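So the protein lines, in turn, are chains S and H. According to the numbering used here, the first sequence is numbered sequentially starting from 231. According to the numbering used here, the second sequence is numbered sequentially starting from 253.
Source of the hints: derived by calculation from the structure; they are not laboratory data. What you are looking at is a predicted structure, and each value in this text was computed from that prediction instead of being measured. Each hint should be verified, as a subset may be incorrect.
Residues of chain H clear of chain S, computed beta-carbon distances all greater than 12 Å [said to hold, decoys possible]:
1) Pro271
2) Ser273
3) Ser304
4) Ala312
5) Leu321
6) Arg336
7) Val344
8) Ala352
9) Asn362
10) Glu363
11) His364
12) Asp397
13) Asp408
Heads up, incomplete: computed chain S residues facing chain H, CB under 8 Å, no partners named [said to hold, decoys possible]:
14) Arg818
15) Lys825
16) Phe837
Just so you know, even glycine gets a beta-carbon here, dropped at the ideal spot from N, CA and C.
The chain contents come next:
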Amino acid sequence: VKPVWILTGAAFTGAASLSCGLLLFQRLAITFYRQELYPYAFVAGSAIFSLLIFLMCAAGIAYTWTFVAAGAVLIAVSIKLGAWKRTGPTLPPLPRLWMAAFIAGWSAYGGFYLAYAMAPEASPDGTAYHLGLVSRYLRQHGFGWITTNMYANISMGIEMLYLCAFSIGKHSAAAVVHFLFLMNLPLLILAFSRRHNMPAAGVTGALFVFMSPVIGLDGSTAYIDVAMATVVFCGFCMLQIWSQERRNALLVPVGLLAGFAYACKLTAFVAVPYALAFVLYKLIRSRAQVLKPLLITAACAGVMIAPWLAKNVLIVGNPFSPFFNRWFPNPHVRISLEEDYMRSLRHYEGVTSAAQIPLELTLRGGWLNGMLGPVFLLAPIMLLAARRPLGRQLLLAAAVFASTYPANIGTRFLIAAVPFIALAMAMVLAKWRVAALTVVFHAFASWPYIVSLYSDKYAWRIEAFRINEALRIESEDSFLRRVVPGYPISKLVDQHVPPDGRILTYQSVAEAYTEREILVCYQGGLNNMLCEMWASGFVPYFLPSRHWNFRFDEVSARRIRLVQTARTDQIWSVSELRVMSPLGEIARNPNWRLKAFPNPWDVQLAFDNCPMTRWKAWQQSEPGMSIEVDFGAPLKVTGAMAAIPGDNPATSGRLEIETESGHWKTFAAAPEVTPAPPVANPRRTAIEDLKRYGITHIAIVNSEFFANDLFRNRAAWGITLLGEAGNCRLYQLN
Amino acid sequence: VGVLLLVLSILLTACASAPESYPVPPQHDPAPPPARLVQADYVRADDPGADSYFIKDVTALEGTFRWALANPKFRFLLTKTENRSFQIEFAVNPTVLEKAGPLELTILLNEHALATIRHTSVGDKVFRKQVPQSWLLPNTENLVDIRVRNPWTAPDGVQLGFVFRGAGFIE
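Kindly produce the complete structure, drawing on both the sequences and the hints.
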């Protein structure tokens, strides 16, 4: 029964998307060649259906029945209005041999991919957040107000389609939706090539893309890269058609697809400037009216992009979250986290030289997570395609969509450019009459069982024909326990944690397979702080190690300000800031007002009398950062003491006092530093503080640096072991 | 409409700034146990803060281990005393074995003799034994006293017993 539901969920989502596209084209009176209509309509319609599901999530009506109702209405209306009829002319026929080659490659690899997609979803990102969030949206019937998972802030246009399929057929249905895009991409490439009278290049380019190991694997899981590449390529095709026909109606799907590219993946934002620049250039060259076509394109793109920006603005205060946090500071994604994250994406472990990248991308795939296949070693020949205008268009598009690759050098991040590269290569190979040979070589070299002969042992690739898993001959649970490291703990969590429980963990778990809220340390601002607090129970690194003492003659102060004076790559933090009089600390008054720059949101943590919490700048120390106390009325003070944690020894500060309104004066240019006393009972204090923030459970892999201490000293921490699964232990906070 | 929405979205960010200032929050009031109490059931030689478990005859950290001398003593705060076993992870040093003969340890828990163990070979060892609940004291210090029968007196005069890696109470 399960496979039936999987296929139903995916087919229904695909049909609803197709219906949207067909209705759009009918409404705009756009005609395509018969062979182009469905491939184009599916992609363009998926943008509209995705937007519709977004709106349903925003309205809090994300239920299976609402998706089914909306999709059914779209399908019914499109049939009723005759939108499914293919009335356009026919493309020139394909030579039989090329037709046979295409069908053979498309169906053989397609069968392999379909089984993989129907098998229980086991991809790392798919189980962690692509479907983890989809599952959560369905449970809470909308987006909710998620601020503790930065992945919830990235645009999720494709995941909206997954949500519809997931609501019917669960995880694998989502992967099969991606598979539909994978199957559609070669049809688009072929249709585009036939339109331009290059069938051999079309079949060659389409199969280069379709049989590429990383594209086949990505498109058979709940990732989104292949879907995004399909959207980008479809938009490119429509732009080319527009440049020939110059019908403004075509700019509607062009704009929608450019905007949808951003909605699919942030790195595809270049589709928008590319489309606008293309339209502008063509119009200027032909001395045509510029404004209206540009406005149509921009407005349609804006319709697809704006909802995602607005969602982020409302929830996390940064339209482009999780990026650009320096421009849009907020407490939900820390600047230092973003910088560390971006650095990690640019530098993959094991890739020490740019010279390694070509072989990693094409043959090895171990460090960069997947390979395109050995035929792409020939990629430089694509430059010869520049001799033809269409070749130049392909090369330009390849350059545009590869331009974001340096931001993340994983192989997947080239996928958007691959269709253009492949088709440009194919144009050259077809001219040299060696296209058929290279297709045969690629088909052989990319076959999953052959790939393992030359790829890195740990390369991300399809390892087996998963027909038993697809048909659930092997149970889903058994398979997932075998191949997904984070799955067993997710099941343990469901078993032991009540529905309102919150689990804090250092590592990603298979969130798609649990119904509880998981806070992963690196995924949000609050999570970062909680995990440092948790670790402080074991290592004193984050706890106060020294006191900055500022002493001076008694002065009447309205406000005092502790100002950072050092520029260092360390991150300044203050555990407690105390104001002193000759009789000792001045008790904190409820009328005092506190400020900090940067990170004003956490300033109270430096005034809560808790050694485990701290205000932290969350960006490298710079002179001028400050914490300020406004006493509300003049107060006699003789000093201040700041407790500084051990992880920022290079920072230093001065104390400034406002003696008259607006008149600040430095009273101590540097602190007298003394050691801080050790924190008593840090383990229990850390756990008690986690409880204050609503954490009920913690999960930790056994290899984590303080996992053994947690296990051995459970009583001291105040935690109870609930179980161990998949090399990970789950504890309840007592 | 789309462009307007886009512009509006970005402009709205101006409204997402932080409050001007914050009041003083509720004051945290941790209730730590008496400072003299050791705070956990198990200690490893390289744990941060491990020194607070040692009463005597355990040296400073050398890599991941410490030397236990002739009469190492430890203290542990136990909040739970039922179904506990005492475990010690240690190693017999080849020089000590060669110079002083087989290593023989007597382990006392709160002055009750738990075991006497003897090792004639070098290398890592783990000793574990269930402890009667009546020997253990909840919510206070429990003392572990280990006596090395035949420590080796090194040229610098220090009496070396064994290589200490970790000890404590487990379930």
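Hints versus structure:
1. Pro271: violated (7 Å)
2. Ser273: For Ser273 of chain H, whose nearest Cβ neighbour in chain S is about 4 Å away, the distance does not exceed 12 Å, so it is violated.
3. Ser304: violated (8 Å)
4. Ala312: holds (17 Å)
5. Leu321: holds (24 Å)
6. Arg336: Given a closest Cβ separation of 10 Å, the condition is violated.
7. Val344: holds (23 Å)
8. Ala352: Holds: least Cβ distance 31 Å, greater than 12 Å.
9. Asn362: The claim holds: Asn362 of chain H sits with its nearest Cβ about 17 Å from chain S, beyond 12 Å.
10. Glu363: holds (22 Å)
11. His364: holds (21 Å)
12. Asp397: For Asp397 of chain H, whose nearest Cβ neighbour in chain S is about 21 Å away, the distance exceeds 12 Å, so it holds.
13. Asp408: With a cut-off of 12 Å, Asp408 of chain H remains clear of chain S, as the shortest Cβ separation is near 31 Å.
14. Arg818: Arg818 of chain S check passes; min Cβ-Cβ to chain H is 5 Å, inside 8 Å.
15. Lys825: Holds, about 5 Å.
16. Phe837: holds (5 Å)
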